[in-house]
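Peer 1: Below are the chains, spelled out letter by letter.
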Amino acid sequence: MSGTVEQEREIPPKRQRMLDMLMVLGGLKEEQAIPLSRVKEEIEALKAGLTPLISEILSFPDKYNKAFLETAERIRLAEQLTDHGIVTEAITRLEEALSIRRTDALEGLLNLLRSTQQKDETTAEERPERPRMDIGQVIEPLSGFIETVEDAIAGYETERNKQAQEALDRLHGLTEEFRNLVRLASENPEEALDGLRKMGTITRYGPFLRNAGQIRRALKEGRVTPARFAELVQTNMLVEMIRGLIMFVLNNVGSKTVMQLAEILDLEPERVQNAIITMIQRGEIKMVGVEEGAPVYARVLGTVPNTLLVLKRISQQMRSLLRNAEGSVRDTLEDAVGRLTSCLEKLQRLGQYDEAAIAEAVNEMREIADRATEAALSTESSADTEELRHLISAGLEAFARFRLRITLEKGPNLVEGKNVYGESLDPEVYRRMMDTYLENEIERGFILVLIRELGAMSVKDISERTKIPPDRVLQHVLRMKRDELLTIAGEEHGYVLYDVPRTPNEAEVAIQTITALIQDLAPAMRDLEQLVAELTAKDIGRLVNTLEAFSKARDKMAKITLGGSAIASDTIEAVRESIRSALAMAYRTRARIPSTRPKVTIDDLIDVDVPTVMDEYRDMMGYAPLLGFGTIDWDQSKCLGCRSCELSCPEDAIFLRPVIDLPEFFEFSEEVIDRFPSVRAMFYRTLRGLAVKRPTSNIVLEHDAPGFGHVEVDLWLCVACRTCVRRCPGPEGGALELDLKWSLPEVIRHLVTEQTSE
Amino acid sequence: MDSKVAVVLCTCGGTLQLDYESLRQEIAKEEGVTGVTVMDTLCQSEGLEALSQILSDVDGRVVIAACTSQKLQPRVDNSLGQGRGLNTSLTHYVNIREHCAWVHPDIEEATKKALDMIRGAVAATRLAQPLQVASKAVDAHVTVIGGGIAGIEAALSLSSLGYKVTIFEVTDRLGGHIISLPVIAPTGKSGAELLSGRLEAIEKDDNITVMTNTRVKFVEGEMGNFEVHYLQGESEEENVLKTSAVVVATGFREFKPTEMEEYQYGRNPDVITQFELSTMLTEGRLQRPSDGGPVKEVVMVQCVGSRSEDYKRDCSKLCCTFAIDNALELIKNDPDIHVRIIYMDIRVPFENELIYKESREKGVDYIRGRVSMVWRENDKTRVRIYDSLLNQYFETSPDLVVLSSAVLPPDGLYELSESLGFAIEYDGHIKELYGKLRRNETRRRGVVAVGAVTRPQFVSEAIVEAQAGALMIHNELQGGSVEKIARGALLDVDECVGCSLCAQQCPRGVPLMIEQTEAEESQTDSDKFLFKASIDILNCHACGVCQSLCPTGATQLNFLTNEQLWDQIAATLRDAGPEYPITLCFHCEECSVSTIDIVGTRRLQYPANVRLIPVPCAGRVSMVDILKAFEHGASTVMIAACETDRCHIGGTGNEIAQIHVDVAREILNAIGWDGRRVDMFRMFSAEPERFIVAVKEMTERAESLGPTPVHKGTAGRWMEVSE
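Those protein sequence lines, which keep their order, are chains A and B.
For the first sequence, position 290 (counting from the first letter as 1) is numbered 290 according to the working numbering, and the numbering increases by one without interruption.
To convert a position in the second sequence, counted from 1, into the working numbering, add 1000.
Don't read these hints as lab results, they were simulated from the structure.
Remember, predicted model here, so these are calculated numbers, not experimental data.
All C-beta atoms, glycine included, are put in the ideal place defined by N, C-alpha and C.
Take these hints with a grain of salt, some might be off.
[To be verified] Quick list of in silico lysine-lysine cross-link-like pairs, DSS-like style, CA-CA up to 27 Å:
1. A/K638 / B/K1528
2. B/K1004 / B/K1029
3. A/K741 / B/K1528
[Stated by the list, open to error] Chain A side only, calculated, beta carbon under 7 Å to chain B, not exhaustive:
4. L640
5. C642
6. S644
7. S678
8. R680
9. M682
10. F683
11. T686
12. L690
13. K693
14. R694
15. I699
16. A705
17. P706
18. G707
Could you build all of it, start to finish, from the sequences and the hints given here?
Peer 2: As structure tokens, then:
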């Protein structure tokens, strides 16, 4: 057994239940516990073992924090913290930790963060008086960053192209195979379906896999006639496979139009078009652009990468600046906007990509865009209307883009001239429209600026700060969320928090991680001191948890980097072994004393009458114990169709389905019929006495029919308790048999013998 | 089988167009028939005299072929059974009048039908087992749960019928809701007045014990031997009372519309419910609850919670009348009070229409529409009213807003139903056994439900229902002697394998599955859970659903065993063949027999090649019975049953039959027959044509589908067929 516990492992549900059962069934038999003296002995031994280790374990967080603080001061961490929300959160965490345990390092860190926060606030206030900035200077480095992004994108694209070529090569074989299967489907649908399912393992298109499995089962169980089955294979399954192929192309080759897909897959465009409509409805693909007049489709992704959102914002911001720019600034901006737009399009088509490669550049550009906006604000040269200046100050780039053009350019035209339909706009109406429009835009801009500066906010906060009524704020926020200017950042006191899309930088990630760890460790440190000082048997569980917290924190600390390198790696490495052995000792003791791990003997488990402990167990756990894994075999020649199995099953794992396996009634021998109860036997005899032909297929009933049916077991739910087997009133021991492939008591016996032989 | 059967044929005063001579000759040839007697008037005294002689000669094994057993059987049972102490339980009836002579003008065909059916009855009678009517003495004690008007009335009625009664009341006084009503339409009396005589009577009555502040926890046992477990006052100690029957009269609960924010109930003290206003009026403290000010303006809102999908789907029936009662009472106290009633529809049944008229004359304003909101403004309650006739909104500042809130079932009904075994309707009230004919009974024998616990009821209705309920109980208890039902399902425990099909499907939930823990030890080699059914024949309604499902024949109706029915099928179909295709019709003895009898009395005609076999409920017909009919040569088989949701057994017997028919149809199709040869039809005595349509359909099918494989001799040859 290796002692290191790395990360929490996901335990599969059935295994979890098995472990639970061990604990609890044992707990039910706790009277066989170990004598108290042994328990005391174990605890003393653990205490003795832990004491020399404990001081090192307890001191390492402080050492680490001190080193972190030093590094932070040295590399001027505070200056890199731009996200107000992260700072506030970090302060809250530190304050909580400090309320439990005070150390210099923590106070230092807190002070550092507090001063950052204050500076933020003062700069926010001072901003109007800031000296004028030259916008040209600000945007100068822009081109370089865009280049970085472009290079990264080129890299993505080469990578993607390589993948695409591989996929295309593979597709060749697939389309060939598919054509064969289409032919086969009309001759031998069953074989064709098998072939399709084999292809399905490559295309891995969910709806196909599900449907194929379903109709296969349906045929096997007689729920569909062979003719219907053939029809299903020839229509539904083939179309689903086409969808699978389309998905395969979109996943691996990239976004495509219908014509392109048809060519790649060697299919008629109509078939592709038909297949695609359902995929759009299913929300699997979406249109991302237009190429040669035809829509380009791409796979729908679960989440949009943050960098993409930020880039969008930057490009919109630049575009708005363009309106007021002149001369070389205008050229630079125009160039930037053009290049950014093309980058955005490419990224959108790529769908998902490695954000890390461009994150840095994108963040820098965001900085630049914000500063450039500020610079534009501070220049008085612009002769545009007051409203327009408000708009820019409000950072309302997205809206400026085309709405402003309409309002400022088209609007007056509409009033003075006529549109193509010969209609003109009433000046009064135009004025009203402009008023509400500008009012809306200004309010939205105000909200965006606030959130960008102060961090995530709820509608309530925004409303309080802006004095805009909450219902209007909500309207604005929702609108901006739809435009991807805002995202949901979580909630506070039941209110949803909205934030602008942000990508945390290294410093921010570090501060987030470290403060979270500090918050977790503060109570753990307090507990550990206390626990070791006065260790009792019942605390052993808490001790293990506390030590695990240290172990996890240590692992995470080892991964934090600041200024490109890890912090206090010596301390972290030195404490590793101590934590490991402390944890191992605690585990061992926990395993030995009964209050945490009950003593269970093999005999106990073998003799446990599951149904008798079931109620008690279920009360405790909410579900039945698992005694092993196996299959339940059903023998219709002993079944009365009475549903007793279904009614008695503690886990609802066995059902009587309204399907009559009639052909089998005609296979029973006379002896089989003889052992049935008299009336049931009479039924079989009368039936066979009447039959003119042997039935060929099962009867599928619409409703349950008492006395008839087909027993099915859901092995995912079956806990192998044998209740159904024992309850079955059928002749000759009943219709059900449990074939236990894996008996829990057996496995434990095996484990125990192995352990004792070691 | 040497039991001898006598057959009695009646000519109904020489009026029936049947060939009696050939009937007599043919029946006499039947195996087991000792004699055939033809009478002209069996139902008259000389006929009954002769019948009594025959009955004693053959120990009761008599087949009576005459008019409908619905009329004749009670007469025979009363005059010969109860009157002379003869055992009439073995007697079988064949209706040769309404089912043969009156519906088939062709004498030969009618006679043939009569003969076949008599043959069937003879076969069933030969195997009949005598039934003994037994009774057991029980305490003449009844428990009434609930001390409102229904409970009080039931207790008084039971007491005067000679029972000792205990009333359990959960509050500290009797009288329920009624005692707080200032006036009850159309009597014009107050609730207190209406109750005073009754409360006095209860006080004086030594037979009635009243236990206030008492809550019933659960009830154990069966009729004649119930044990009521109850708690008294604050005490947690459980007391037990032995009793023979239970009257559930727990009344209703007024809906408190706190969830309906538009009315501000529970937030604004001047918004009250109609019952709260009644209480105010009765106690003479009419004032604004918020500040004690005078009440001059009142707005009443109807249908609060009623006729709403969220709270109570249907009409609460009482609220309109209650609102008008209270409005009149308000005006009586102070003629200057202005009352507006905001309504959707005004529904005042019975004589209550009178007070509606009166209220109109006295100036109560009726506004059709809804109240859209209630709020406080400047220390006043404001109400916005939508008038749907004028399509306008009004606002007013009433002193009181009175909500006529819905009548809901009382709390704790589900808990009680678990041990008392009554069924609960979708709306949460207690479900009656059968809506048309057995309204006072619940699914459980010995438990009746009266008053508002079954549905919203006016005081007068609750009183009538309470009296009816008391009589229902008297009918069962007979002053302290419970009849052990002679007709019912008998269980052969040794045959039972414990499959629980009977327990799963019994419409009344009578069979209980009992685990055989002791038997387990004797069976050394197996760890089986052994269950055995246990049937309390006192609760059995003799429908035969259990029998039709039992795979072993362990549970069988004592008056219609499997063997009896199978022999009857075989005998009835003896002459069935391809040249004269026969439709065999199993019909239930509830709706179907009435329908078929009415077809007879109205002398409607239908094809004669149908043979009728009565069963107590369509659910008695099993899959084997249907297959047996085909085995013996039936061309088509039909089951006539009660309408959907109209099972007279208080449950699902007809639906079980439907399942059997559906499955049989599928099976027939699969084994090379035609599933159309079996079908099920729903009968309804008000529409006798249904039976005619059904018979025509099935006889036509018999004709068009031609000879069955049984006729052709291909049945059972499935092994020789390759495909």
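Peer 1: Run every hint past the structure and note whether it holds.
Peer 2: Hint by hint, here is what the structure shows:
{"no.": "1", "hint": "A/K638 / B/K1528", "result": "holds (15 Å)"}
{"no.": "2", "hint": "B/K1004 / B/K1029", "result": "holds (13 Å)"}
{"no.": "3", "hint": "A/K741 / B/K1528", "result": "holds (21 Å)"}
{"no.": "4", "hint": "L640", "result": "holds (5 Å)"}
{"no.": "5", "hint": "C642", "result": "holds (4 Å)"}
{"no.": "6", "hint": "S644", "result": "holds (5 Å)"}
{"no.": "7", "hint": "S678", "result": "holds (5 Å)"}
{"no.": "8", "hint": "R680", "result": "holds (4 Å)"}
{"no.": "9", "hint": "M682", "result": "holds (6 Å)"}
{"no.": "10", "hint": "F683", "result": "holds (5 Å)"}
{"no.": "11", "hint": "T686", "result": "holds (4 Å)"}
{"no.": "12", "hint": "L690", "result": "holds (5 Å)"}
{"no.": "13", "hint": "K693", "result": "holds (4 Å)"}
{"no.": "14", "hint": "R694", "result": "holds (5 Å)"}
{"no.": "15", "hint": "I699", "result": "holds (5 Å)"}
{"no.": "16", "hint": "A705", "result": "holds (5 Å)"}
{"no.": "17", "hint": "P706", "result": "holds (5 Å)"}
{"no.": "18", "hint": "G707", "result": "holds (6 Å)"}
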